[in-house]
Each structure stands twice: as structure tokens, then as C-alpha cells.
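All chains, full assembly: derive it from the sequences and hints.
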Amino acid sequence: MSGYLIIRNLTVRLRSGPVILRSVSLNVAAGQVHGLVGESGAGKSMIGKAVLGTLPRALQITGGEIWLDGVDLLSLSAAERRRRIGATAALIPQDPLTALNPSKRIGPQITRRLIDILGWTKQAAEARALELLDEVQIPNAARVMRSYPHELSGGMRQRILIASAFAAEPKLIIADEPTTALDVTVQKQILRLIAQMQARHGTALLFVTHDLGVVSKVCDTLSVLYAGKVVEEARMQRFFMRPIHSYSRALLSATPSYEDPLGSLTPVSDTVIEEVEAEVRWHDARAGT
Amino acid sequence: MTLLRNILIRLLTTLVTLIGVAVIVFVVIRVVPGNPIAMMLPPGATEADIARLQTQYGFDKSIFEQFVIWLGGVMQGDFGTSISLRQPVAGLVLGRLPATLELSIFALSIAIVIGGTMALLGTRYRDTKTEGAVDISAGMALSIPDFLWGLVLILLFGVLWPVFHISGRISPALNIDFNTNFYFFEALVRLRFDVLADLIGHMFMPALALAIPLAAIIAQLLKQSLKETMHLDYVTLARTKGYGENHVITREALPNAILPTLTLVGVQFTFLIGGTVIIERLFSYEGLGNMAIDAVINRDLPLIQGIVILFALLFTIVNLVVDMLYVVLNPRLRHA
Ligand SMILES: Nc1ncnc2c1ncn2[C@@H]1O[C@H](COP(=O)(O)OP(=O)(O)OP(=O)(O)O)[C@@H](O)[C@H]1O
Ligand SMILES: [Mg+2]
Chain A
21 MSGYLIIRNL TVRLRSGPVI LRSVSLNVAA GQVHGLVGES GAGKSMIGKA
71 VLGTLPRALQ ITGGEIWLDG VDLLSLSAAE RRRRIGATAA LIPQDPLTAL
121 NPSKRIGPQI TRRLIDILGW TKQAAEARAL ELLDEVQIPN AARVMRSYPH
171 ELSGGMRQRI LIASAFAAEP KLIIADEPTT ALDVTVQKQI LRLIAQMQAR
221 HGTALLFVTH DLGVVSKVCD TLSVLYAGKV VEEARMQRFF MRPIHSYSRA
271 LLSATPSYED PLGSLTPVSD TVIEEVEAEV RWHDARAGT
Chain B
9 MTLLRNILIR LLTTLVTLIG VAVIVFVVIR VVPGNPIAMM LPPGATEADI
59 ARLQTQYGFD KSIFEQFVIW LGGVMQGDFG TSISLRQPVA GLVLGRLPAT
109 LELSIFALSI AIVIGGTMAL LGTRYRDTKT EGAVDISAGM ALSIPDFLWG
159 LVLILLFGVL WPVFHISGRI SPALNIDFNT NFYFFEALVR LRFDVLADLI
209 GHMFMPALAL AIPLAAIIAQ LLKQSLKETM HLDYVTLART KGYGENHVIT
259 REALPNAILP TLTLVGVQFT FLIGGTVIIE RLFSYEGLGN MAIDAVINRD
309 LPLIQGIVIL FALLFTIVNL VVDMLYVVLN PRLRHA
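Chains as they are written, first to last, in this note's numbering: chain A, 21 to 309; chain B, 9 to 344.
Watch out, some of these pointers could steer you wrong.
[Claimed, not checked] Which residues of chain A face chain B? A partial, calculated answer using Cβ under 8 Å:
id, residue
1, SER60
2, SER97
3, ALA99
4, GLY106
5, SER123
6, GLY127
7, ARG133
8, LEU150
9, GLU151
For the record, the hints were derived by calculation from the structure and aren't laboratory data. Cβ coordinates follow ideal geometry from the N, Cα and C atoms, glycine included.
Shown next as C-alpha cells:
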């Protein structure tokens, strides 16, 4: 068994029947960055939510295994699973404007979980929060701790959420499009910050995005998701040199290259999409869904 | 600076409201038929007797003149003299105010406890039979007005299973020598638990009757906004930190979800105070509302005026307190 997070044949359905994730398998090795790409609606966020136990109520895991740090989360009781996730994993959310509680000061939003869930003392938790706010380059950390979210900019809030995610030294962080809600100028800084923090703390990172350019910069491995199905899993180098799946190839040629951003761009063609859809149907038929 | 301006504007609107209320009440009760003087005199009083008293109370002057005289008195704290009780209105009204205040606040507390519990339970067990039960009982509670709840309660706890007093504010046998008419508050401070028990025994049913509709409103609205808040990103983030459902509901969602409910409870609380008029009558509770009905029956114009002005003042104070609470609970408004 290799990998800190191992997802095997995960199937998620709407309670009303339709399949959202079709027998998804992927690996995030310890200390590595794994990209998860695919177009909007492919099910990227649902994979993260299934791991963190925050699937919407309308959805349900109907099969598969999710191994986190050597334990199959789905074999645990709900309370144990929650505690386990809280102690070993963390989330960097997509929209920093809605991910902080508007009625609480920043300080407690970082420190409470260290105190409540992990049993730290208040002093230790506060010292840790200050240290991390410094690490994510927030000036005046002590004052920020006493601020309310609405007093801070989006970029600042995302830095705070990053600090908070790393506070308990989780072994796995899931970042779900952590920069899409930000200004273009801030996006780059935040991306660099996440990469730095990941490298420094040696955390395994599942990086959800639909931007292959971003993936090429920060990831070691990646999975390509299409309509709830992993169509390709690869190491970065191999993927960019020899993408195997036709959808991956199409996706790649629709992404501007860094050397020649306006060069030969081809939109994903309808034939490729039809091809992949046929494949998904075939898979469904075989799985009897 | 803006704070000071807001307070000034607030005081000014309050004053204008009160004067407006005074004018309306003053005119309306003088236009409706019924002669207050004739009602206080024994049958067989002569026209001359009536005329003499009319002059004594100033009813022979024009409405405008009467109003100016009355307002002049009010400025000096003199609200006139009750015709039926022959005592200064100010003293009468202020003497009854504590009873009504204690009843209203007791009722509000019951409504918050019951309504809040129902909302939390309905959210904790949403999409189950428990939530259905909350919805149905709230719907039923709302389809019956407070005075009918009063009758139902009298039947249940006064007649079938007589555990509570069905009339009055305090047992006459209890000899209390309190300094104020805030019996409940004073009994608390003096640790007179016998008096407290007796007061609660009297207040419980009228307060519950007043509280039931408000509790239902709180249950519905608070549950609704809690359920909406439960989908927000910061609640989801709290779940990933390892917090359980109870913590997430009460610590993450509730502080934000409570704000719209707070505004509504403010408005509804003024309705509840209005409801005391009939409920106090029903339970022979010696408060302002009960006095108001007597005053209307007796066409006791000065007393009616005094009571209405006091109710209006109460309502504006409630609104003020709600606005202040809103600012305290909502950090986004604190620096405005
Ligand atoms: N609460 C829900 N009820 C029903 N269907 C849902 C719900 N949430 C998501 N879905 C469906 O699940 C599928 C996967 O959604 P998901 O959010 O994982 O997509 P995504 O790949 O993250 O897309 P994006 O790039 O837009 O974030 C979508 O088809 C969506 O319609
Ligand atoms: Mg998504």
C-alpha cells in the first residue's frame, strides 16, 4: 500500500439514483501534491467532500474505500471518522469570503479546534496561530487575530484559511480551487504560498482545479476526471509529454502553454467528448448502473 | 459622530411618535359616544350636577384647548386625575406597570425557551419525523390566538388538573411588605422563594397563553434560518475540523442565524404586550391591560390616555432595545 490517501472504487450517487462518481480510484502519496483536474461538474469537489465527510445530504457513498493514514474511513463510526479526519486532514476552501464565520474573531477561528479537538492549551494554540500567521506573511498578526472577517480583504482571508489548515500539522490537505475566487494578481501569490507551505511542512496535498497550467506548476501527479470517472492517472512529466487518454490530450491542447500562451489552442472537440461519453456509458453498463 | 446623530434622530422620532399617539387617542376617545361624567354619577343626578363636573374636568372646553391643557400637565409629570378611581393617573398607571412588565417578560422568556428548543431540535433532526412534529405543532400553535390558548389552559390546569392559580397576581394570604410593585424581581433579590413560587403559580398560565404563538413563530423562523446557515461554507469547514453536529449548530450556525429572528421577536414582543390586555382580563391579573379595559368601560378619558401613552412608550423602548441587541450581536454593524 503506497500513499497517504488511497481512494478505491469510490462510488457516490444521488439518493434519487443518478451516479455522481463512478468507481473512482486515486492515490496521494505522503508529502506529494496530487492534482485533480476536469471540467466543471465532473465531480472534483465531491471527491474532496467524500474524503472529508461533508457530502451534501442528497448524496451518498454507495461503494468503495477511502484509506486515510492507513485506516479505511468508511469502516469507522460517524463520530470516529469525524475525529480522525479532524486530527489528520484539513481543507483549504474555495471562497475565502464565505469560509470564515462572520460573527467570530479570526483568533478563535484558528485556535478553537486546536483546543477543543486536539487538547492544546489556550496559550500554546495562540502562540501557534501567531506563528502561522507570520508564516503566511500576514503583517500585524496579533491585531488580525482580534479582527472580524469583514475587516479583511479576500487575499488576507485566504492566507488566514491556509494558516488555519496547516495549524494542526495535518498529513493531508485538500485544496478545492483555492484561488478561483480571488483577484488574478492575488491568485499567483496564494498559489505560491500554498506550494511553499506544502513543501515546508511536507504535507500531502490533493489539489483540485480545472487549470492545467496551475497543475503543471505545483503537482507531482495528477488524475483527470471526466463525468465522475477517472480517465487518466499519471505523473506530471509523463502526462505533459505523452497523455494517453484522448480527453487528456484534448484538455492539454486546450490549455495555453507557458512558452507560447497564444499558440496553437484547440478547443476540446465534440468528437472527443462523444468518445468519452460513450466510454462512460460502456463503463456504466458493465458496472450494471 | 454618526452614533450621536443616530441617537438624536432616534429620540426625536420617539417624541414625534408619542405626540402623534397622544393626539389620535385624545381625539378618538372624545369623538366616540358615551359621557364619562354621566357614567360616574348615580342615576337621578341633575343636569346641573353633570354640568358642574364637566367644567371641573374641563370637558366643556374644545378638544384643542383640552389637549393643550393636558400636554402642559404632562410636561410637568401630571397626567390628570382618573374619573372613575379619583386618583392621579400617573400613580395608578405606574403602580400597575410592573405587573404587566413582569408578565410580558416572563411570557417572552417562555417563548424563547420553547421556540428556541423546537428550532434547535428541528434543525438537529432535520428531514426526519422530529422536524415534521416541530412544523406541525408550530402550525397548530399559530392557528389558535392567545386568548383561546388561555381558555384551553384554564380548562387543563385550572379545572381538570388544578395545579396553577387561575386568577390574580399573588395570593392575598401571602403577607408581603415589598418596597416596589416589581414583586417577582424583588422576591428574587430578597430570596423569598415562597413568594416566587406563588407568583409563578399565578403568572404561569397567562404567560404561557401569551407565549405559545410567539414560541411557534420563533420555532419556524429560527429553524428556517438555521437550516439555511447549515449549508454555508464556514459550517462545512467546521465539520472538517472534527466538530459534531451539536457543536456546529449551536456554535457556528446559531450566532448568525439568530439575527433575523431577533428582529422579528422585537416586533412580535410588542404584539405580545398588546395581548396582555385581554389575557390579563381573562386571568383577573391586576396589570395595566386589565385596568385599560375598566377605563374604557367607564369612559375614563384621562386614564385611557395615560395607559395608551405608556404602552406606546413601552413599544418604542422595546424597539430600541432590539436595535441595540442587533448591533451587539452583529459584528458587521459594530463599527458603522
Ligand atoms: N447537492 C447536490 N445535489 C444534487 N447534485 C449535486 C449536488 N452537489 C453536486 N451535485 C452534482 O454533482 C456533480 C459533481 O459536482 P462537483 O461540485 O463535484 O463538480 P466539480 O467538478 O467540483 O465542478 P466545479 O469545477 O464547477 O467546481 C455535478 O454534476 C453536480 O450537479
Ligand atoms: Mg468544485
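Original post:
Which earlier hints turn out false for this structure, listed by number in ascending order?
Top reply: Violated hints (numbers, rising): 1, 2, 6, 8, 9; every other hint is consistent with the structure.
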